[in-house]
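Peer 1: Sequence:
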Amino acid sequence: MDAHRVGALFRATQPLYIVVELLVAAVAAPYDLVTSTISELGVAAVSPEHAVINGAFVLFGVTLTLGAVLGERPSRTARVLWVIAGLSSVATGLAPLDTAPVAHFVVSTPVFLAQPVALLLTGLAVRSRTAAALGVVSIVASAVFLLGLAPELGGLLERLALWPGYLVLGVLGVRTLARASAASAG
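As numbered in the numbering used here, the sequence shown has no gaps in its residue numbers, which increase by one up to the final residue, 192.
These are computed hints drawn from the structure, not numbers from a lab.
In this text, all values refer to a predicted model and were calculated from it rather than measured experimentally.
One should not assume that every hint holds.
To be verified - Here are the simulated distance ranges between beta carbons:
(1) V86 with G61: 34 to 40 Å
(2) V33 with L130: 37 to 43 Å
(3) V177 with T115: 24 to 30 Å
(4) L130 with D104: 34 to 40 Å
(5) D104 with D38: 29 to 35 Å
(6) V108 with A188: 22 to 28 Å
(7) V112 with V40: 36 to 42 Å
(8) V177 with V75: 18 to 24 Å
(9) D8 with L28: 28 to 34 Å
(10) V86 with L28: 27 to 33 Å
(11) V142 with T41: 21 to 27 Å
We put the beta carbon where it would ideally sit given N, CA and C, even for glycine.
Go ahead and model the full structure; you've got the sequences and the hints to work with.
Peer 2: In structure tokens form, the structure reads like this:
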């Protein structure tokens, strides 16, 4: 399997992060997807599965990074931003909010700056109006979250900032794999 296919495979797995997050949130109590931040799932006192979500930050950060490095490169700037987002995710999982709050804030912030812009640039590069529009939604949600303009919606804003990127990468990864499969079959 060539590097582009491996990168596409890593991209195709990104939506699974959302599944893991939702499963961990389902057993965390009390936890609300709208008001509670994603990082709160990594806090031992909030979630019995805090290690699972922190591990997911690391695992999916690695696959996000590798997908950007190995996959098709429609935009060099977008690729660099996806790598920054992936590395930020890895570091976030290694510095949980409850055990390293200052480090957690420092290492988690770049994902909210890089990933929404990477999504917009990726959408523009692949000429997908949907992906570009989701990039705009992600940028706005990230800005509102980082500026603290609606703290009561922290969880919702984080998810609007990050989840679209995972979904779009998943679709792009599957499309790339399907094209490669069709080309090798034909």
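Peer 1: Tell me, which hint numbers fail for this structure?
Peer 2: The structure breaks hints 1, 5, 6, 7; every other hint is satisfied.
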